[in-house]
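Okay, here's what each chain looks like letter by letter:
2 protein chains.
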Amino acid sequence: MYDAIIVGGGPAAYSASLNLKIRNKSLLVFAGNEKTTGLMKAPQIDNYLGMPGISGTELLEAYKRHAEEMEVEIRKEKIYNILNMGDYFALNSGSEFYEARSIIIAAGHAKFKYFEGEREYLGRGVGYCATCDGPLYRNKSAAIISENEEGEEEANYLSEICSQVYYIPTYNHKTKLREGIKMIEEKVLGIYGNEVKADTLKLSDSQLNVDVIFIIRNVLPVNQLIEGLELEDGSIRVDRSMATNIPGIFACGDCTGKPYQIAKAVGEGNVAALSAVKYLDTVI
Amino acid sequence: MYDAIIVGGGPAAYSASLNLKIRNKSLLVFAGNEKTTGLMKAPQIDNYLGMPGISGTELLEAYKRHAEEMEVEIRKEKIYNILNMGDYFALNSGSEFYEARSIIIAAGHAKFKYFEGEREYLGRGVGYCATCDGPLYRNKSAAIISENEEGEEEANYLSEICSQVYYIPTYNHKTKLREGIKMIEEKVLGIYGNEVKADTLKLSDSQLNVDVIFIIRNVLPVNQLIEGLELEDGSIRVDRSMATNIPGIFACGDCTGKPYQIAKAVGEGNVAALSAVKYLDTVI
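Protein sequences appear in the order of chains A and B.
Using the working numbering, the first residue of the first sequence is number 402, and each one after it goes up by one.
Using the working numbering, the first residue of the second sequence is number 402, and each one after it goes up by one.
This is chain A alone, in the form it adopts within the complex (with noise of 0.2 Å):
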């Protein structure tokens, strides 16, 4: 049982675990695996006081080396979901669970448009975790779309299990995919079903039946990490303590709405750390 879990490996997580660390509090991050966000491509970032001219990946390594110096445990895997225990909030990383008393939630700005029928089907055929829901469609078929690499370690594991795998991807890179996988390189146009579950993927020239579909995005959307989080024009509403509506969740950086500024993400971990800390003495 952790004090806190931060789920979120940008500028805002960085920041807040510091203050954690520096209150003695028991903690973890989820910083999910490294890839290339808009902060990162930054050449030049002038507007982080005191650093003056430095490039998005250097400032980015200079925050994670801080966080590692303070001795932060930082890890590279992804939380999907988080369960609310009343007392204590579970998480889960797909292939296992955590504790913790608080959760401070800063796992960046989703840009994305959800694919038509998306939300209506989301937990009936459409999931965000192969690893979680995976053994669930046990020789069945499925398709996977994918904005990232990580999504071909999900279609490679899922092509252990299920019958038939297709594999969707949104971006431009090669893709290490395992014999018999299908990739199939065409536009998303929408997801459809029946009353109880969806079974159809329509792409720009074709249409797959399928058990199952997944969409791997790079930002997972806030609303489904943990159910009766409240948001606000798509972001996580907070008060000026970045506590959400939740009790002893908090969050902060882009997730919690614009500007999407390194420096806003900065100050907005250390009061959301310092308000979870305020949090946990109250409570325990």
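Heads up, some of the hints might be wrong.
A pair counts as met if it fits within one copy or between any two copies, since identical chains are not told apart.
[Claimed, not checked] Straight-line Cα separation of at most 30 Å, DSS-like style, residue types lysine-lysine; simulated pairs:
| # | residue 1 | residue 2 |
| --- | --- | --- |
| 1 | 422 | 659 |
| 2 | 426 | 512 |
| 3 | 512 | 603 |
| 4 | 598 | 575 |
| 5 | 588 | 575 |
| 6 | 659 | 575 |
| 7 | 679 | 512 |
| 8 | 426 | 442 |
| 9 | 465 | 442 |
In case anyone wonders, no lab produced these hints; they're calculated from the structure.
With chain A fixed as given, assemble chain B onto it according to the hints.
Frame of chain A, contents of chain B only:
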């Protein structure tokens, strides 16, 4: 007429200045005379992400250097009063007036207790700026209560126009006062007067009958800066965009409330500046 004027010389002020500059807004920073602050005294700061184990003085130096590299104009003057002129603001630095379309208050947190009678008689025999109001008290008697050396300059100035000047320092440094100024090292007990105005300063061992009492504080009480500014628990009330209740006035850093943290201040300066830019783009 400036696009924005920033009142303050700490992390929030410098962070805001970078962002206004990057967005091509004309601006001035009124940092005031740098006095020793809590930040400067910090031997080691571990929670400003990216710059581990830095001292407060080094960090503030890095901040200032960054702002200067970006060609931000920093003035050592202090702003005593802001007047709302409808579609712009007039700022009084004691000796001069400045004009700006928007204001960012980053004036820090005032750690003080009001003296008995201070609020009651403010503007009626009690003031915060001798340079501003001194001329009204030609050939009269004045007392200056001061938290820092700045008060000595004010006292020296008043000694040129007033018939008698008393100086009551609440700090423990050597004072450089002109001849004729009477220094009194006693504790301030309170300010008293009649129905019209203050006329008496009670000290621990004596009592002064004077025409005016000036109080020079390290940080000006924020609600004195501009009329009608809404507070909450003694701090400036802001929303998540760092807007105050007065259109065109934004606030950031310690003056917006706890936690009093550097990263929070820097993040809020970032957001306040971008909100001011948005405001300017809408109004003009």
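The hints, checked one at a time:
no. : hint        : result
1   : 422 <-> 659 : both (27 Å within a copy, 20 Å between copies)
2   : 426 <-> 512 : between (32 Å within a copy, 29 Å between copies)
3   : 512 <-> 603 : within (22 Å within a copy, 64 Å between copies)
4   : 598 <-> 575 : neither (32 Å within a copy, 81 Å between copies)
5   : 588 <-> 575 : within (17 Å within a copy, 77 Å between copies)
6   : 659 <-> 575 : neither (33 Å within a copy, 49 Å between copies)
7   : 679 <-> 512 : between (32 Å within a copy, 22 Å between copies)
8   : 426 <-> 442 : between (33 Å within a copy, 26 Å between copies)
9   : 465 <-> 442 : both (16 Å within a copy, 27 Å between copies)
Hints 4, 6, counting from the list given before, are not met by this structure.
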